[in-house]
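Engineer: Start from chain R and add chain Y according to the hints.
There are 2 protein chains.
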Amino acid sequence: MDRVSAIDAAVRAQRGRVEALFDELARCGRTDPGFTRPSYSPEETGAHAIVARCGADLDLAIHRDIAANTTMTLPGQDRSLPPILIGSHLDTVAQGGNFDGAAGVVAGLAAVAALRALRLIPERDITVMGVRAEESVWFQVSYIGSRAALGALPDGALDVPRIDSGLSLAVHIAREGGDPDALRCGRSALDAAAIHAFLEVHIEQAPSLEEAGIPVGLCTGIPGNVRYPDVRIVGRHDHVGTPRRFRRDAAMAGAEIALALDRVWAAHEAAGCPMAVTFGRFHTDTAVHGLTTVPGAFHFSLDMRAYAAEVLTELEAAFLAAVKEVSERRGVTVALGSRAEAGVGVVSPRIRDGLAAAADALGIAIRPLGSPASHDAAAFAKAGVPMAMLFVRNANGSHNPDEAMAVDDLLDAVAILTAWLVAEACGG
Amino acid sequence: MDRVSAIDAAVRAQRGRVEALFDELARCGRTDPGFTRPSYSPEETGAHAIVARCGADLDLAIHRDIAANTTMTLPGQDRSLPPILIGSHLDTVAQGGNFDGAAGVVAGLAAVAALRALRLIPERDITVMGVRAEESVWFQVSYIGSRAALGALPDGALDVPRIDSGLSLAVHIAREGGDPDALRCGRSALDAAAIHAFLEVHIEQAPSLEEAGIPVGLCTGIPGNVRYPDVRIVGRHDHVGTPRRFRRDAAMAGAEIALALDRVWAAHEAAGCPMAVTFGRFHTDTAVHGLTTVPGAFHFSLDMRAYAAEVLTELEAAFLAAVKEVSERRGVTVALGSRAEAGVGVVSPRIRDGLAAAADALGIAIRPLGSPASHDAAAFAKAGVPMAMLFVRNANGSHNPDEAMAVDDLLDAVAILTAWLVAEACGG
Numbered sequence: 048m049d050r051v052s053a054i055d056a057a058v059r060a061q062r063g064r065v066e067a068l069f070d071e072l073a074r075c076g077r078t079d080p081g082f083t084r085p086s087y088s089p090e091e092t093g094a095h096a097i098v099a100r101c102g103a104d105l106d107l108a109i110h111r112d113i114a115a116n117t118t119m120t121l122p123g124q125d126r127s128l129p130p131i132l133i134g135s136h137l138d139t140v141a142q143g144g145n146f147d148g149a150a151g152v153v154a155g156l157a158a159v160a161a162l163r164a165l166r167l168i169p170e171r172d173i174t175v176m177g178v179r180a181e182e183s184v185w186f187q188v189s190y191i192g193s194r195a196a197l198g199a200l201p202d203g204a205l206d207v208p209r210i211d212s213g214l215s216l217a218v219h220i221a222r223e224g225g226d227p228d229a230l231r232c233g234r235s236a237l238d239a240a241a242i243h244a245f246l247e248v249h250i251e252q253a254p255s256l257e258e259a260g261i262p263v264g265l266c267t268g269i270p271g272n273v274r275y276p277d278v279r280i281v282g283r284h285d286h287v288g289t290p291r292r293f294r295r296d297a298a299m300a301g302a303e304i305a306l307a308l309d310r311v312w313a314a315h316e317a318a319g320c321p322m323a324v325t326f327g328r329f330h331t332d333t334a335v336h337g338l339t340t341v342p343g344a345f346h347f348s349l350d351m352r353a354y355a356a357e358v359l360t361e362l363e364a365a366f367l368a369a370v371k372e373v374s375e376r377r378g379v380t381v382a383l384g385s386r387a388e389a390g391v392g393v394v395s396p397r398i399r400d401g402l403a404a405a406a407d408a409l410g411i412a413i414r415p416l417g418s419p420a421s422h423d424a425a426a427f428a429k430a431g432v433p434m435a436m437l438f439v440r441n442a443n444g445s446h447n448p449d450e451a452m453a454v455d456d457l458l459d460a461v462a463i464l465t466a467w468l469v470a471e472a473c474g475g
Numbered sequence: 048m049d050r051v052s053a054i055d056a057a058v059r060a061q062r063g064r065v066e067a068l069f070d071e072l073a074r075c076g077r078t079d080p081g082f083t084r085p086s087y088s089p090e091e092t093g094a095h096a097i098v099a100r101c102g103a104d105l106d107l108a109i110h111r112d113i114a115a116n117t118t119m120t121l122p123g124q125d126r127s128l129p130p131i132l133i134g135s136h137l138d139t140v141a142q143g144g145n146f147d148g149a150a151g152v153v154a155g156l157a158a159v160a161a162l163r164a165l166r167l168i169p170e171r172d173i174t175v176m177g178v179r180a181e182e183s184v185w186f187q188v189s190y191i192g193s194r195a196a197l198g199a200l201p202d203g204a205l206d207v208p209r210i211d212s213g214l215s216l217a218v219h220i221a222r223e224g225g226d227p228d229a230l231r232c233g234r235s236a237l238d239a240a241a242i243h244a245f246l247e248v249h250i251e252q253a254p255s256l257e258e259a260g261i262p263v264g265l266c267t268g269i270p271g272n273v274r275y276p277d278v279r280i281v282g283r284h285d286h287v288g289t290p291r292r293f294r295r296d297a298a299m300a301g302a303e304i305a306l307a308l309d310r311v312w313a314a315h316e317a318a319g320c321p322m323a324v325t326f327g328r329f330h331t332d333t334a335v336h337g338l339t340t341v342p343g344a345f346h347f348s349l350d351m352r353a354y355a356a357e358v359l360t361e362l363e364a365a366f367l368a369a370v371k372e373v374s375e376r377r378g379v380t381v382a383l384g385s386r387a388e389a390g391v392g393v394v395s396p397r398i399r400d401g402l403a404a405a406a407d408a409l410g411i412a413i414r415p416l417g418s419p420a421s422h423d424a425a426a427f428a429k430a431g432v433p434m435a436m437l438f439v440r441n442a443n444g445s446h447n448p449d450e451a452m453a454v455d456d457l458l459d460a461v462a463i464l465t466a467w468l469v470a471e472a473c474g475g
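As you go down the protein sequences, you meet chains R and Y in turn. The opening residue of the first sequence carries number 48 in the working numbering; numbering runs sequentially from there. The opening residue of the second sequence carries number 48 in the working numbering; numbering runs sequentially from there.
Just chain R, same shape as in the assembly:
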């Protein structure tokens, strides 16, 4: 059996391990519908324990870092060489799916298990990393676990409250076994300059691959974003019969601002420029809203993302112009609240080409795919680590309970990853 066929067979033999891991993870934070493993929650910690147990079974060196990320290391021949990291996150959005994030950690473990089965000792460490707190819905801060490990948390992040509990990130990190004081002092778990590469497998978060009939996508880039997580519009609560000229309706102002940006998006889309605009929270004030009251308060979150900094700048200008025009015309005030941004994540051409060559050798169909979503890999890219990503076909989109991923498709991605690891670190 040639090397490629042996790799493929070793990967396919991991099916049972992969299925068992997903079954175990599915008992972690089940909310019916879906799964809810908030960032730095007991449910997320449960998922870390499950993957760590699997890593221990594979005789990997298990470590919990100061941000409570889990690393599982297959030691290389020369432990002083910069390691290869394979990672993704183990938290979920509220009522999300079992695969978004976790599939990347399972893929890393399956690849390392295949290397074990092939009795290959890599020249350098290969570390599978279960990352904390990637889902920014909880603290409204991006890439918390990755950036904490890299010593790149933004100022003030440790004091941000979790949206459900109201307790700070620092409190939640400490509760789940991390060391917020060390993070506050600027300590980091990883030195970006001493990481050889970061690879992430992730389910696709849209059905593009399903539409194309292709199991695996090769990431061409991760979009940057500009976010306003907590915009508040204040108008005036009035009786339902209030004539139009007296109204200061905060909800209609919110609707107009949102649709102004939606039209900008539609125009860019028609012109072939990919981007996305999402008003994830978009709501009247549940404490006081009612059938017979004109809404005097409206709240929304905004995420704008694009693959080029200029497009982000243009989008943000369109948003601010809409806020100004609508608020003046409707007689409302708009408090923008906090603003966050993340740069565009650039993929390493060398690793991307290596992954494409591996897929070609294995006879697995892939296609280039811009990631519409943000990923931990972007935090590593920003820190200067060569990065690449593979996406796995998913018919139903993610951040919902209906995520659909075939284990065969995941194993296709694992085979590509493993073949690349062999070529990159095991002497081809």
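In case anyone wonders, no lab produced these hints; they're calculated from the structure. Built from N, CA and C at the ideal position, the CB exists for glycine as well. Nothing false has been slipped in among the hints.
Short derived list, chain R residues pointing at chain Y, Cβ under 8 Å:
| no. | residue |
| --- | --- |
| 1 | 293 |
| 2 | 321 |
| 3 | 350 |
Every beta carbon over 10 Å from chain R, so not counted as near; a handful from chain Y, in silico:
| no. | residue |
| --- | --- |
| 4 | 66 |
| 5 | 100 |
| 6 | 110 |
| 7 | 120 |
| 8 | 123 |
| 9 | 206 |
| 10 | 367 |
| 11 | 408 |
| 12 | 409 |
| 13 | 431 |
Structural biologist: Just chain Y now, with coordinates in the frame of chain R:
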């Protein structure tokens, strides 16, 4: 002193009683900001007890009817003649004001107190009525107290849950001293054919009178309405990066439907046709919405109101057309939920002219005013009772904590009402 001056003086002498009543009511359901006296709540019952105590002080006959409305009767010379009713409601919206509703009951008591002071015995009973449950935000049913008294509750209303407690109207009526079983058997407290007239004083719910510098408005009509209290849009929750062509964004669909109707309103307004469209609740699903999730669910309430049945029909058609167009284009489904309607409330020309003549004699400036809001008076009009209303100037609109009513303005309305009562029922 002539008759008109004597009436005016007797009314102005009620200032202390009126102020004391508002002070007492302000201790009932204070939520800071504002006042919250839900329909059939202990807070609403507290307000009924306060006005009943005042009625007892005036030696009126106090009665609680099967719907737990409070009636306070000044007996006439011939008790068999159809009585004149003066009433309004004592519940509020959440964090509403102290005057919306209550001012009408206080006005009735002040008018009767003035008649007592003038030592006038009317030819027929004059009954001040504290009405239950006018604010349809709580049970999403209009004019509950009035219609229950008139035996005109819509089918199924007794089983509707209150929006906050989840308990049925029947349970809440029983808790506050009413008799839901009697209502269920079709008993009524009032025979519409045996009521001489229903008069209601109410604060204006917009600042039209403030704008015009006039203390009192004479109602020209009460709008009919069509309501969809619980519309639900179902799309699909997706990851924030999902490309446009895959999205089924329920919130953007809601925004488009709302603004389609808002444009219809703006066009009618420009053409001089008064109406109102209100999306009082307008929100993503708070259990699952988040910064990084495309909204797969959106909810709204809709109240459309106009002074002509044709306009209502046209508005509803525009709404349903927008629902169809937007839902097809956005790939979402729209469940309209329940629908309710109330007919246009016609004012008695005879009483309206009588009130205008009284204002003229007193030298109080009034102006005709279409009520933008619904009122208990509309339920009496629909039952065939001759009806009229007076509005009192309010700079800040109602259904908010900042309602502003000068006692002098209210006393202007009470003076007009009292002069009319004297002319109508005390031999002029």
